[in-house]
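Number of protein chains: 2
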Amino acid sequence: MQFIDLLLQHRSIRKFTTQAIEQDLLERLLMAGQAAATSSFAQAYSLIRITEGTTRDKLADLCGNQAYVAQCAEFFVCCADLARNQTICQQSGISSDPGYMEQFIIATVDTSLMAQNMVIAAESEGLGTCYIGGIRNNPQEVSDLLQLPDFVYPVFGLCLGYPAQDPESKPRLPLPLWVMENNYLENLIPDEIKQYDKDVSEYYKTRTGNKKSTSWTEQMEGFLSKESRPHMLEFLQARGLAKR
Amino acid sequence: MQFIDLLLQHRSIRKFTTQAIEQDLLERLLMAGQAAATSSFAQAYSLIRITEGTTRDKLADLCGNQAYVAQCAEFFVCCADLARNQTICQQSGISSDPGYMEQFIIATVDTSLMAQNMVIAAESEGLGTCYIGGIRNNPQEVSDLLQLPDFVYPVFGLCLGYPAQDPESKPRLPLPLWVMENNYLENLIPDEIKQYDKDVSEYYKTRTGNKKSTSWTEQMEGFLSKESRPHMLEFLQARGLAKR
Numbered sequence: 001m002q003f004i005d006l007l008l009q010h011r012s013i014r015k016f017t018t019q020a021i022e023q024d025l026l027e028r029l030l031m032a033g034q035a036a037a038t039s040s041f042a043q044a045y046s047l048i049r050i051t052e053g054t055t056r057d058k059l060a061d062l063c064g065n066q067a068y069v070a071q072c073a074e075f076f077v078c079c080a081d082l083a084r085n086q087t088i089c090q091q092s093g094i095s096s097d098p099g100y101m102e103q104f105i106i107a108t109v110d111t112s113l114m115a116q117n118m119v120i121a122a123e124s125e126g127l128g129t130c131y132i133g134g135i136r137n138n139p140q141e142v143s144d145l146l147q148l149p150d151f152v153y154p155v156f157g158l159c160l161g162y163p164a165q166d167p168e169s170k171p172r173l174p175l176p177l178w179v180m181e182n183n184y185l186e187n188l189i190p191d192e193i194k195q196y197d198k199d200v201s202e203y204y205k206t207r208t209g210n211k212k213s214t215s216w217t218e219q220m221e222g223f224l225s226k227e228s229r230p231h232m233l234e235f236l237q238a239r240g241l242a243k244r
Numbered sequence: 001m002q003f004i005d006l007l008l009q010h011r012s013i014r015k016f017t018t019q020a021i022e023q024d025l026l027e028r029l030l031m032a033g034q035a036a037a038t039s040s041f042a043q044a045y046s047l048i049r050i051t052e053g054t055t056r057d058k059l060a061d062l063c064g065n066q067a068y069v070a071q072c073a074e075f076f077v078c079c080a081d082l083a084r085n086q087t088i089c090q091q092s093g094i095s096s097d098p099g100y101m102e103q104f105i106i107a108t109v110d111t112s113l114m115a116q117n118m119v120i121a122a123e124s125e126g127l128g129t130c131y132i133g134g135i136r137n138n139p140q141e142v143s144d145l146l147q148l149p150d151f152v153y154p155v156f157g158l159c160l161g162y163p164a165q166d167p168e169s170k171p172r173l174p175l176p177l178w179v180m181e182n183n184y185l186e187n188l189i190p191d192e193i194k195q196y197d198k199d200v201s202e203y204y205k206t207r208t209g210n211k212k213s214t215s216w217t218e219q220m221e222g223f224l225s226k227e228s229r230p231h232m233l234e235f236l237q238a239r240g241l242a243k244r
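Read top to bottom, the protein sequences are chains A and B.
For the first sequence, position 213 matches number 213 in my numbering, and the numbering has no gaps at all.
For the second sequence, position 103 matches number 103 in my numbering, and the numbering has no gaps at all.
A couple of the hints might just be wrong.
Straight-line distance between alpha carbons at most 25 Å, and here's what the computed SDA-like set of lysine to any residue pairs gives [what the hints assert, rightly or not]:
id : chain 1 : residue 1 : chain 2 : residue 2
1  : A       : K198      : B       : R28
2  : A       : K211      : B       : S40
3  : B       : K15       : A       : F41
4  : B       : K212      : B       : S201
These aren't lab readings, by the way, just hints derived from the structure by calculation.
On a predicted model such as this, the values are computed, not experimentally measured, just so you know.
Hey, can you work out the whole structure from these sequences and the hints?
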């Protein structure tokens with residue numbers, strides 16, 4: 001199979017078998033993750049691998065009762081981490097400040113590129129994956145539980161394991177709606193959106209599990225019209241991040 | 001070749017041949033990009049493909065005189081985009097607010113996962129890639145040039161093209177320094193850092209191009225001790241993002 005075909009087949013997996021991931025393979029996934037590009041060579045991320053059952057259970061609960069957080073073979077809390085670099089500066093007696101929004105972006109992007117490489121590497125070996133944004137439901141409680149220091153925050157969780165389900169891939173936005181040439185396209189191309197809404201509705205109506213009746217437009221109305229984890233800015237600034 | 005080996009061989013490419021990327025392949029890269037996971041199905045990103053020579057030249061300049069921005073076969077400005085979803089809500093007469101830090105994180109992560117899939121897809125087809133964080137040097141000027149609306153910001157640029165150089169991969173942090181078990185590891189393991197500094201120094205001393213004398217510790221001291229694009233927070237909030 002061509003690599004691009006593998007990427008095109010992506011879907012999140014939320015049911016896993018009990019099969020463990022071999023230690024050798026796990027190490028290769030981690031090394032594939034950190035092989036991704038990193039801004040200023042900062043490598044501004046850490047992974048917390050959660051092996052304790054009680055910690056898994058607590059995290060599953062804090063993420064909004066997502067059982068697969070507890071059940072998957074491996075669960076990682078993927079953290080943006082400027083504390084490591086900060087400690088290095090402190091040890092050298094160099095005055096430093098990881099409180100800029102820019103550094104927050106660098107660390108968040110670094111973490112995302114690393115994790116996406118892990119996801120692709122895992123899928124290429126027959127594993128399934130699921131990102132857990134719910135880790136930001138209760139970021140302070142997660143930070144306390146994992147003893148995260150200042151200048152570190154949990155960006156998302158990541159479930160890995162052998163799939164016990166085979167869901168369909170979700171249809172994505174048509175290219176003309178998100179790829180533009182030379183400048184931003186102001187209008188939304190009503191016909192393209194209408195067709196896409198039909199495709200998405202059809203997907204939800206006919207997919208194997210958890211059928212429902214909704215369009216993309218309806219989902220986005222729900223997404224943007226509700227409060228969106230309104231604690232995040234205050235939480236991050238209390239951890240020393242994104243302050244200026 | 002195994003997919004993981006491809007990931008492990010990554011290095012950024014900053015010199016490209018003049019060979020164009022075929023339209024079919026380019027479309028497959030874009031579709032591979034959007035196949036990545038997206039939080040809440042938001043697909044909160046847009047790509048601006050820059051085909052005009054004058055716009056390329058201006059961007060190369062705004063990014064800090066990076067010639068390869070002008071010279072590579074394809075250059076994309078990768079934008080976090082909450083404007084599309086916002087417009088959908090407005091058209092339906094639904095009150096919405098993309099100003100939360102949480103939504104800023106969602107859009108930044110979505111953009112990063114999409115772009116990393118494009119990078120991997122491109123590398124699997126023999127192309128070289130380089131992320132351009134310099135797009136954040138002058139984000140307001142870039143936004144004006146590309147007519148980006150509110151609730152959109154340029155996260156990074158992305159160069160694609162056939163490589164005209166063959167640089168070595170940079171050695172990454174040893175696993176014990178960034179992968180932890182069940183809770184955050186407070187100490188930096190001095191022996192591991194010392195060995196890693198040696199490896200990085202050796203890499204810079206012996207690599208094919210642009211040899212220099214520096215360790216990772218020295219680079220991180222430089223990274224965190226200088227002001228880091230101090231305009232970013234004000235810029236983003238003026239665009240309606242990360243305000244609350």
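Is the hinted pair K198(A) and R28(B) satisfied, with a Cα-Cα distance of at most 25 Å?
23 Å, holds
Taking only the CA atoms, is the gap from K211(A) to S40(B) under or equal to 25 Å?
Distance ~17 Å between K211(A) and S40(B) Cα, so the pair holds.
Quick one, are K15(B) and F41(A) close enough, alpha carbons at most 25 Å?
Holds, because 19 Å separates the two Cα atoms, which is no more than 25 Å.
For the pair supplied as a hint, K212(B) and S201(B), confirm whether the alpha-carbon distance does not exceed 25 Å.
8 Å, holds
Taken one by one, the earlier hints all hold for this structure without exception.
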